[in-house]
Amino acid sequence: MEIFVSQIMTGLSIGSILLLVALGLAIIYGVTGVINLAHGEFVMLGAYAAWFLQTQFGLGLLASLVPIFLLLALFGWLIEALVIRHLYDRPLDTILATWGIGVMAQQAIRLTAGGELRYVQMPESLSQSVNILGATDSAYRLFILFLALGLFALTWAIYRHTNFGLKLRAITQNRAVASSFGINAGRIYRTTFAYGAGMAGLAGALVSPLKSVSPEMGTTYVVDAFMVVVLGGTQSLMGTLASSGILGELSGYLAFYSNDTIAKALVLLAIIVLIRFRPQGLFTARLRA
Amino acid sequence: MKSNRRSFLKATAAFGTVSLVGFPHIWSKNSSLAYAADGEIKVGVLFSLTGTTAIIEESLNKATIMAIEEINAAGGINGRKLVPVVEDPASDPATFAEKARKLVLSDKCVSVFGSYTSASRKAVLPVFEKQNNLYWYPTLYEGRECSKNVIYTGAVPNQQQDDFIPWLVEKFGKRWYLIGSNYIYPKEENNYCKKLLAELGAEVVAEEYVPLGHSEFSSVINKLKAEKPNVIFSTVVGDSVVALHRQYHAAGLDPEKMPMASLTTSENEVAAMGGEAAAGHFTSAPYFMVWDSPENHKFVDAYKKRWGGDKVTHFVSEPSYFQIYLFKQAVEKLAGSDISPNAIREAVKGQELVAPQGKVRVEPENLHSWLWPKIGQCQADGQFKILKQSANWLEPSPYKAYPNQHCTAEGLKQS
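So the sequence lines, in the order shown, correspond to chains V and U.
Take the first sequence: its position 218, counted from the start at 1, is 218 in the numbering used here, and no numbers get skipped.
With positions in the second sequence counted from 1, the corresponding number in the numbering used here is that position plus 1000.
There may be inaccurate statements among the hints.
Said to hold, decoys possible - Below, simulated DSS-like cross-link-like pairs (lysine-lysine); rule was C-alpha separation at most 25 Å, straight line: (1) U:K1298 to U:K1311; (2) U:K1062 to U:K1304; (3) V:K264 to U:K1225; (4) V:K264 to U:K1187.
Don't read these hints as lab results, they were simulated from the structure.
Full structure from sequences and hints, please.
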C-alpha cells in the first residue's frame, strides 16, 4: 500500500515537471506553429535567473518566481520581435534559427556565469517531507505538483475565458480570416511567445532545487517537452495535461519495476508506436476545415 | 646526474657530428631536438572547455595551466620554458581524437595532458600509440587498460575500494544497493565491488544503471525505501550525482541509516548540491581539499589566488596539478637533445614526488601511480571530514578484478 501510494505520487511528480516544461512549448507550437528548439534553453535561463537572483540579491526561490517569469517573458518577446516574426510560415528556417538561439544562449551563460554546476537553494519551508496515506513524499515535489496544476488552470482560463484567448483561438483556427476581422495576429503571436518563454523560465526555476543547474541542462528538457506535446496532440491544452500525466506515471512505474534506462527506451517506443497509428496525438482540437 | 654508457655514447656521437660538420644549426634539425627547440618545450593541454563535461574539465584545465605557470615562473625546466598548447575538444570523443592528432603531429608536443571521461581517453589512445607519444591522464578510472603511451595519475578501483568497502560493511552492514550511470566506468567499479563484497559475505540487493545525465530519481528512491539497504554504493556521475543527492534529501531519507558511498562525489559536486544534501554521505578518494599537509595548503592557496576565492580543488584537479611536476622531474633528467616522448616515459618510471595528497610514485610496470586512499564524510559546510587514511600508499593494480591478467612494462600478460 505504502509503495503503491509512493509510486502514484512519483508518477504525478514526474508528470507535473513534464507539464511545467511542456506547457510553454505547447502554447507556442499550438498557436504560432513555431517549433521552438530553444525551449530547453529558456528553461535553463529560468534556472540561472533563480541562481542569479539568489546569489546577487539574496532573493529566495518563491520570491523570485514572478521576476523570473517577467524576465523570461521579456526575453521571449525580444526573440520573437528580432528573429521569429521574420520566419513565420518557414518552418525549416525557424527550426534552424531557434536551434541557433539555443546554442548562443548556452555559450553566453557559459561565458558569463561559468561552466560549473550551480546551486539553487530549496525554500526552507518546503524542504521537509510530508506523510500521505502512510507514504512519505517531499513537500517540495507536492508544491511543484500543485503549482503546475495552478499554472495549467491559469493558462486554460486565459485561453477559454478572456478576450485575448478568444482572439488566440480565432487565429489558431484560421489566421487569414481572423486578421480580416481586425485581429492583430502579429501582436497576439508575440504575446503568446513571451508567455510561453515565461512559463519555460518558471519551469527551470522550479526544477532547479531538485536537479542540477548547468548550461546544458536544457537539452534533456526540450526532448521531454516534445514527447509530451507530440503525444498529447499539438493543438490541445488538455492533451498536454493528459499526456504529461500518462508519461509521468508510465515512466515512474517502468522505472520502478525495471530501471530508468529501460523505462526511457520503452516510453519512447510506446510513443513511436502510438504516433504510427495516431499521428495527430491522443487529443485533437475539433476544427472545421 | 647519473652518467651511463648510453648517454656517454650519445654525447660522443653528438660531439663528433658537430666537430665534423661545424654547423651546429644543421644538427638542430635532428628530430628529437625539435621537441625542445628555441629553449621551449611544447606540451598539449586537452580538456573540454565547452560541452557537457566542461563543467569538470574546466577545473582540470585550470590546475594544469597553474602548474605550468608556476614552473615557468621558477625558471622552467633546465632553463626551458613550458609552452602549453590549449585545445578545446568540446566534450566530444571524435573531436578529442582530432585535436590530439593536431597536438602531436602539427604542434609537435612532446606530451599531452588531458581527458576526464574514459570515452575520450579511449578515443585518443590510438593516436598516442601510433605516434608513440605520451598522454597524461589525471582522472580516477575503471582500470583494465595497459598502454605504454599513457601515464595514469588518478586512482584505479583497488585504490578507492580496498579500504572503503570493508570499512563500510563493518560500520553499516551487509545489504548493498549498487547504482551507477549506464556506461563502462560504473560497471567495472561494480565488478570489483561485487568481488570484494562476496569475499566479505555481503549481499548485493540490487544493481542498477541510469542513463547518463539522468535527473529524475524518484523511482529509484521508492526502490530504496522498499529495499532498505544498509549502504548505497553510488557510481552515478556528473549532474546526476547532484540530482540523486538532492532528491534523496528532499524525500527525507536518513544518511545515518542508509548512507551513500561514492567514488565520484567530490567538492565540485557538493558545491552544486548544497551541503545539506551532501552531509553524512561518504566518498573514498586519494585527495580531499581539506587534507592537512603543507603541500596541499600551498596548492589550495595558489589555486584560489589564481582562479578566484570561491573555487574548489578536488580529487581530479589535484592529479592534474601534480602530474605536471612529474613531467618536470622526468624532463629534468634528460639533456635537451634527448627530450622525446620515449625518453620521458623511461625517465618518469619510478619517479617520486610529494604531491598535495602525499608522496606519490609512478609504477614502472604499468605507468599507474601509487596513491594514498582516504575516506571522507561530507559535512554541511560542503567540505569533507577525513575519517581514515590508508596506512601506506597503495599500489595501482588496474587488473585486480581480473586475476589472470597483469599489466607489465612489456604489455598485457595472461596467466
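Hints versus structure:
1. U:K1298 to U:K1311: 15 Å, holds
2. U:K1062 to U:K1304: Roughly 11 Å between the alpha carbons, so the hint for K1062 of chain U and K1304 of chain U holds.
3. V:K264 to U:K1225: Roughly 22 Å between the alpha carbons, so the hint for K264 of chain V and K1225 of chain U holds.
4. V:K264 to U:K1187: 19 Å, holds
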